[in-house]
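Student: Residue numbers (this note's numbering), protein chains in the order written: chain A, 1 to 300; chain B, 301 to 519.
Don't read these hints as lab results, they were simulated from the structure. One or more hints might be untrue.
As the list claims (entries may be wrong) - Keeping only pairs whose Cα atoms sit at most 27 Å apart, straight-line, the calculated DSSO-like set for lysine-lysine is: (1) B:LYS414 - B:LYS307; (2) B:LYS479 - B:LYS367; (3) B:LYS453 - A:LYS181; (4) A:LYS181 - B:LYS317; (5) B:LYS515 - A:LYS181; (6) B:LYS422 - B:LYS484; (7) B:LYS367 - A:LYS181; (8) A:LYS181 - B:LYS513.
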Amino acid sequence: MRRHHFIIAILALVLLAWMTFLDVVGDDWGRLDGSLDNLVIFFSESIWPLDWSVLDASPPCEGAEGFFCSPAYTGIIETLKMAFVATILGFVIALPLATLAASNLSPTWVSIPVRIFLSAMRSLPSIIWAIFLLIFIGIGPVAGIFAMALYTIGYLGKLQYESIEGVQNAPLEAARAMGLKRSETSLHVAIPEAANHLISQLLFMFEYNVRHGTVLGIVGAGGIGYHINNQLKFLAYDKAAALLIVVFIVVVAIDMLSMYIRSFVTEEGDVKRPSWGTVFLPAGIAARYHHKKSTQDEEE
Amino acid sequence: MPKELAKLDHLAVGYDKPLIGDVSTSINSGEIIAILGPSGIGKTTLIRTIAGLIAPLEGSVERLVPKRGGLGYIPQRLGLVRHMSVKANVELGARCRTSIWHPAIAPLPRQLRKDVEEAIEKLGILEHLNDPVRILSGGQQRRVATARALAQKPQIILADEFLGELDDDNVEIVLRIVKQMVRKQGCALVMVEHHEEIARSIADRIWLIEDGKLKEVDP
């Protein structure tokens, strides 16, 4: 495709989107005229200045004081714990399913039904799962964890089988010709070959679940979202906004952390630091270790 | 007394149209067969069909060896698991010798673990035992693939240009070990080879592919 073809295609898509937008909106522009004024009034009267009292202790707390007893802290910690458990649970269930769904490991009559199952898990967002589970389990973090885990299975499972399908064919063929079982080929050939991607996806999924954990709290499934929802109910937007900023800071921190860890497991990072032992070392030390190792290799 | 290990009966191989047709021959224990011919003529396709990775277009391949572990295959690109250690790769070969009920997640029995170390030692890559395969040189990787076949103890080894870019010393080591396997264990080696001189020097039989036909010629 030539460059001007590409530009024309993009312009055509933008035009199509604009026409679709007009079609969807019809004549109902709502209060778009005065929206900016409304926003300014809402911001200056209800949100600003932020009410940081959410960082103060709000008893009852067991053995914790000050900040560590605040809704912001207890809420975000609960969200992090929920996301962690849900991600690990989802990962452990999704991985065997992904090997069944991968077309290079399983016959079509196995892979197609598993794929349909994974899409079904994925087609309901975790918030809908949470609403279902709240009916069964009741309000609290357990419903939130299961909701996230169910969505994780569908979403992570898809990412995983796609990376497994992307592994080189030669090792799989050698394993098949040798007569290794499917379970052996999956465990000892396909998963190790795709390991870098699988780890990177796991970290991404954790970060995703932390973000979604916030939303789940709003329907009553625990975590910081529960506190945000409480503040919204009392129209305490200044407190809710303060809590949202806490969430924002944590999400950015996790994103940076996961970017950092992922840099070790992508192919380029792989070349940079070939040892798993250095994954959790600070970059400077890891680089020095690597430098030492590569000079040793050259000497040999 | 050589035993028949595989029988090719009016075999035609290819993807859409046949590359090689009407092949009727057999592979017997204790023999080295070299497949020669210009590139693109279907040597790899033939070997992959014998390995059971492609269905024959016509005729049949009858493999008279156990389905599990009876056949070893070293593809052109070696088929090693790049992110795993040398040991883990060679263990894959030995894993074929466990029973079908041996769980995939369970470690290998002690005897097989010993065989794995012996194979690695024989190929002279013991110092790389725990190194991931991807950091090894091309020649070392070929030794790992050979060690994997050695630990597997298959009855037929199908090797697709596995001497590849090996230097002379490495060719000598690998060939000596493979020959030993054929003579001592009575397995059969079927190799596609570009180095015609080497092939003629070690092969008992030559399959020459020309104009879509397989001809048996003297080495």
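Student: Now tell me if each hint is right for this structure.
Tutor: Going down the list of hints, with the structure as the test:
Using a Cα cut-off of 27 Å, the hinted pair LYS414 of chain B and LYS307 of chain B is violated, with the two alpha carbons roughly 34 Å apart. A hinted pair counts as satisfied when its Cα atoms are at most 27 Å apart, and LYS479 of chain B with LYS367 of chain B qualifies at roughly 23 Å. Using a Cα cut-off of 27 Å, the hinted pair LYS453 of chain B and LYS181 of chain A holds, with the two alpha carbons roughly 17 Å apart. As the CA atoms of LYS181 of chain A and LYS317 of chain B are separated by approximately 31 Å, the hinted pair breaks the 27 Å bound.
Of the pairs offered as hints, the one joining LYS515 of chain B and LYS181 of chain A is violated, with about 36 Å between alpha carbons and a cut-off of 27 Å exceeded. With a C-alpha separation of about 15 Å, the suggested pair LYS422 of chain B and LYS484 of chain B falls inside the 27 Å cut-off, and the hint holds. Among the hinted pairs, LYS367 of chain B with LYS181 of chain A is consistent with the structure: their alpha-carbon atoms are about 10 Å apart, no more than 27 Å. For the hint pairing LYS181 of chain A with LYS513 of chain B, the CA-to-CA distance comes to about 35 Å; that exceeds 27 Å, so the pair is violated.
In this structure, the hints that do not hold are numbers 1, 4, 5, 8, in rising order.
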